[in-house]
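S.K.: Whenever a hint applies, use it, and build me the whole structure from the sequences.
Going down the list, the protein sequences come from chains A and B.
Residue -7 in this note's numbering sits at position 13 of the first sequence; the count goes up by one each step and never skips.
Quick note, this note's numbering runs 204 ahead of the 1-based positions in the second sequence.
Hints were generated in silico from the structure; no laboratory data involved.
Hints may be right or wrong, so weigh each one.
As the list claims (entries may be wrong) - No farther apart than 20 Å at their CA atoms in a straight line, the calculated lysine to aspartate or glutamate pairs in the EDC-like style are these:
1. B:Lys481 <-> A:Asp112
2. B:Lys461 <-> A:Glu71
3. B:Lys461 <-> A:Asp87
4. B:Lys475 <-> A:Glu72
5. B:Lys686 <-> A:Asp44
6. A:Lys156 <-> A:Glu188
7. A:Lys47 <-> B:Glu691
8. A:Lys106 <-> A:Glu72
9. B:Lys686 <-> A:Asp48
10. B:Lys551 <-> A:Glu49
11. A:Lys156 <-> A:Asp181
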Amino acid sequence: MIQVSNLSKIYNGITVLNISDLNIKKGESFGLVGNNGAGKTTFFRLILDLIRASTGNILSNGEDVSKDETWKTFTGSYLDEAFLIDFLTPEEYFQFIGDINGLSKGDSDDFLNNFAEFFNNEIINKNKFIRDLSSGNQKKVGIAAALMTNPEILILDEPFNSLDPTTQIRLKNLLKKLQKEKNVTLLISSHDLNHVTEVCDRIVVLHEGDIAHDIHTNKDTLKELEKYFAV
Amino acid sequence: MIKWFIRHQIREMFRSTVWQKNLIINIIMGFFLLLIFVEALVGGIVLADKFHEIFPDDDPVKKFNSFLLYYFTFDLVLRYFMQKVPIMSVQPYLHLPVKRSSLINFVLSKSLMSFFNFLPLIFVIPMAFFQFADYYPISIVWVWIISIFLIALTNNFLIVYLKKQLVANPKVVGIFGLVLAFLVLFDYFNLISFSAFSTLIFGELLNHPLLILVPAFLLIFIYCINYFFLKSHLYPEEIKIRKDKKVDSISNIKYLKTLGKTGTLVALELKLWWRHKRTKTIIYMLPIFLLYGFFLYPQEKLSDGLGFFIFVGVFISGGMMLNYTNYAFSYESNYFDAILANNINIKEYLRVKLVIAIIISTFCFIVTIPYVFFGLKILIINFVTWLFCIGCLSFMLLFTATYNKKRMDLTKGAAFNYQGIGASNWLAMLPAFLLPIFIYLPFGLTDLPYTGILLIGLIGLLGLLFQRSLLNIVVKQFFKRKYMMAEGFRKK
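M.R.: Listed below in structure tokens is the structure:
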């Protein structure tokens, strides 16, 4: 589904990301871990064509993301607050995302109903702008919007961060369900090794822009990762 | 502790991003401020020197005193719109062992640095020495000067209080404004007289210098009100200017919903403009662009120079459009990544921006059609400059807007706010105003003025005809620049 070749990103002579070859298959759940500055967000931004690669390219469903825009129709993403339009209410924002993706009013309403549990009564009909929501609730809005179009690829940057425990568990179940039932390709980065090993079948460890490990998740993975990071 | 406050304030000032990034703009602004200051100073001295010649029939002391109350009323209104309320971010200090009283006193005394507090002195001091000193002993003249300064400071704290109340209890501000408006209205219809009252109180002050205690008392009084108000409202949630605002119903414009994706994008822009302070103040500035002609058209001297009218025409039809298009992308800097990562057709997105620009310009042109009252040629010129604006300028500005990669903070007002405005924006304004004049100039000089004017319109028309290809150029440019813009917008 996603093929990375010779990819690098260089800022002022410093290489922040360097992936010579990486292949993410359709329906795979791909976890990205690494310390701050390892290049996780940079990688996701490159996949979403938000920054220009210094070398190499990324093919999403066979098309170079920086040359062709079709990936936008099957990719859902939430990296940070810059993905939210903060002067809208959550309802307006969902409506906006629905409209630009050509969803009908009924589809949008169905979608919001499905998310009622995830929102936990804190998002809809609160008569608040997104900028006035707490960071956890903002994240819920962003994640929900990313899922709104039933994407084939879902990219989330530290989705568990700042969510409350209940929502964390709900999100984990939701992601697992999406992958199993709808064969969604998941790309998740996380600082929480527990969550990421639970959700992902494959975990890649980034270290200063390079792939340090590429692990197929098994029962020892968590220990292995903890050992790696406990330096 | 005060030492630390002052040190932090100075650092905040010099480390503010605006200060560091826009050195050239700061120098230009500083130069203009200095110029205004010198002009005011010279003006004040000349006025004081010639005052008895300007009003030969009146007693200069009485006449000048009669203006003072008007000045202070005007001062209040001006301050209300322009003066910034000092809110030192007290939050980081609240949990530290600092006395609340010293925090409050510091916050309040910071407001004393406002330019408005010193403005009256520029006029009053020369006046006192050139005119008043002829009639009164110098010590009494000083009492008069100091009293006026005290009243200016009272105004200062009154505004600080009112602006704080605007958050806590807007009714107070409303009532105050209403009372003031009625007083001004009564004065206008001669039911009461500001000028007579003003002459009376300031005259009495000169006769009984002890009356200086009145403004002094007023100042202390208003300071105390401020002090106690702040003391009881020093919780961060109450101090915050930005409160959860009620949601308006701007999203429910039915017509836009029938337009599909285009309507969705237009609705987004409308909400953006309506829900931010900075954009709102720009909307409030619209009358300036529209009424500009009233100041210039009646002037006899200018009526021969068509070139100047072309400039005015571009300003009227294009001024507001320029404000929109020049920053079309930086207004969206907060969520620019969302625009790029979502399933938005970029061509459609840019077309919407262009259409909005054209609508703004057209609105400005239609509203100002009554200027035909000043002559048919004004309508003709405004018509061709409008064509130029919508057919040519709109594309040019959208093209150059891609060079602006400064994040723009929309939560602060627009007046004298240069945050997020880069050199490229200033440069982009040049062709807007110079190009039509350059087109006209060779014809104007060779005595074919109307050919030149026609050509301006023709170029605009050509732009409209080749809309598609021009839009494609902008689209290409956008794709070329989008990474740079997105990267710049991410920098807070």
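S.K.: Decide, hint by hint, whether the structure agrees.
M.R.: Verification of the supplied hints:
no.: 1; hint: B:Lys481 <-> A:Asp112; result: holds, 16 Å
no.: 2; hint: B:Lys461 <-> A:Glu71; result: holds, 15 Å
no.: 3; hint: B:Lys461 <-> A:Asp87; result: holds, 16 Å
no.: 4; hint: B:Lys475 <-> A:Glu72; result: holds, 10 Å
no.: 5; hint: B:Lys686 <-> A:Asp44; result: holds, 17 Å
no.: 6; hint: A:Lys156 <-> A:Glu188; result: violated, 29 Å
no.: 7; hint: A:Lys47 <-> B:Glu691; result: holds, 19 Å
no.: 8; hint: A:Lys106 <-> A:Glu72; result: holds, 12 Å
no.: 9; hint: B:Lys686 <-> A:Asp48; result: holds, 14 Å
no.: 10; hint: B:Lys551 <-> A:Glu49; result: holds, 12 Å
no.: 11; hint: A:Lys156 <-> A:Asp181; result: holds, 10 Å
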